[in-house]
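Residue numbers (our numbering), protein chains in the order written: chain A, 1 to 310; chain B, 1 to 310.
Fair warning: there could be bad hints in the mix.
No copy labels: a pair is met if it fits in one copy or bridges any two.
[Claimed, not checked] Restricting the straight-line Cα-Cα distance to at most 16 Å, the calculated cross-link-like pairs of lysine to aspartate or glutamate (EDC-like) are: (1) Lys189 <-> Glu144; (2) Lys105 <-> Glu13; (3) Lys95 <-> Glu53; (4) Lys131 <-> Glu53; (5) Lys189 <-> Glu53; (6) Lys189 <-> Asp24; (7) Lys300 <-> Glu282; (8) Lys5 <-> Glu53; (9) Lys145 <-> Asp24; (10) Lys272 <-> Glu248; (11) Lys259 <-> Asp24; (12) Lys40 <-> Asp296; (13) Lys234 <-> Glu13; (14) Lys301 <-> Glu282; (15) Lys145 <-> Glu112; (16) Lys212 <-> Asp39.
To be clear, the hints were calculated from the coordinates, so they are not data collected in a lab.
There are 2 protein chains.
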Amino acid sequence: MNLRKIGEFGFIEQLSQLLRPGNDVVKGIGDDAAVLPRDKSTYALFTCDALVEGIHFTLNMPAHLIGRKAMAVNLSDIASMGGIPQHAVVTLGVKPTLPLRFYQKLYQGLQEVASLFGVTVVGGDTVSSPKALFVDVALTGWVEKKHCTLRQGAQRGDALVVSGSLGGSLAGKHLQFTPRIKEARALVKHFSVHAMIDLSDGLAGDLGHILKQSHVGARIFLNRIPIARSVTAKGFLPRLRQALCDGEDYELLFALPAKQAASAQAFFARHKGFPCLRVVGEVIRASQGLRYVFPDGKEKKWDLHGYQHF
Amino acid sequence: MNLRKIGEFGFIEQLSQLLRPGNDVVKGIGDDAAVLPRDKSTYALFTCDALVEGIHFTLNMPAHLIGRKAMAVNLSDIASMGGIPQHAVVTLGVKPTLPLRFYQKLYQGLQEVASLFGVTVVGGDTVSSPKALFVDVALTGWVEKKHCTLRQGAQRGDALVVSGSLGGSLAGKHLQFTPRIKEARALVKHFSVHAMIDLSDGLAGDLGHILKQSHVGARIFLNRIPIARSVTAKGFLPRLRQALCDGEDYELLFALPAKQAASAQAFFARHKGFPCLRVVGEVIRASQGLRYVFPDGKEKKWDLHGYQHF
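Chain A extracted, bound-state conformation:
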């Protein structure tokens, strides 16, 4: 069986079947972070995410931004659970030919964004990896049980809301995005967020996870998609395609009761540094699938794919 044929998610599904679920696990593989028992009122969160040279970064990029991103993508996973990040361990696959200075800058970038969000790097492993540098961060966190937000839980009639703007991330944002920890915390504390995910593979791909796990469908209004300025394509549909499929936005996509959407938007507008919230769609019956409403008002399927890792 060829990996490219089954795709990343087929691959993960095949492997997950080999793993035994633990009886002390609230939510295992299949969300942005694992949810585990912690105490009477809170859950522990646990996630990991790696960056590989040649795939997620090149050695031409500033080392401190590579380090920053390695930590930030994990922070983004904790954010999407509504959680607070806590402790990290870092595995560095070291190319021995690079100078110490390179790794120092990488660690500085990593520490910088960790500090911003109260995370302590408590350990790690350094291994030789002569063919390709890699950085893998594992991150723990916690969340109040009542605020824990999964990919499942979206309900028919919910508004689908996205933070910030989408697409064109490769122009720079993918290395410098702000993990939406504070924004997600504000959302889960003040609103009834039913389901949430961070957009790493593009809305067209990541929305699918919410729909599948919540057993619902969605209607997306294409003229409401917030297209980032860095999107370079010309023409409405090519630009939209880029916004929906580029990936690495690290914005939040969430579902909440439609009647709370306006007040969530107003709340974000009042908060300095918070991005805009845009209501991009609504949750519908599973049998209706994922439909896009085009600017001419016509509603149809659109064969878009999120970023595929292999």
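Given the structure of chain A, go ahead and fit chain B onto it with the hints provided.
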């Protein structure tokens, strides 16, 4: 600055200086696992360890043993703290050219040893890594505060004890060793273990960590070193050198009051499946450094080095 010049531990020290210690960390970088607050009577443990193709394994080796080892080296780190492992996340750096079957076997091996020790794999990340396969496991665990055993804490007069036999691990043991979780738990529950480490880089290297962090020296009796059958060198000193420097033994090295050594040995002898314990030395004053007692009774320094990763 060249990495090979400063060596792995110089490198780790340089990077560690860039990280800010957290005020909620009991023991951060510099032990086999990080020690973190958990509840009134226990600590949380957190560690990670990666295997890289061409460095720690080759694709000629059975995939299930590669997976097994990726989990087992982490279990060994939790063992050396006296702890109980709990939850793991697994990052797989995937070579898309290998068949699905390969990864399934790798995961089977990983799950097999995880199950043996009550560990649940709760999440992970799969990334494309076309140039070199890698597997990185991050593992949490816990330990009673009174049983938590660090590298520091060895006291003058303590016996230095090693489990099992040493050297020649590349002949097979390095892929199939038993993480000494049960043995370590028995030790911390029934004896006053002052300091402990798992032998990954060879006794000659790893003993140094206990001495440095405990601010003590050691006298090692060379004729008491348990040399593994798989050691291939000829002649007493070459065989010893292999036993002390080969690395990847994943046995326990610990310090406990000399008067408890015999009863710990008897305890292990009574337990089916437990390895032999050997008293290989004693803890002395730091100013005396690390001394080896040769079979002729002469005591001198011996310039041995543990395995250097780069």
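Check your understanding: Checked against the structure, which of the hints given earlier come out wrong?
Key -> 5, 6, 8, 10, 11, 12, 13, 15, 16
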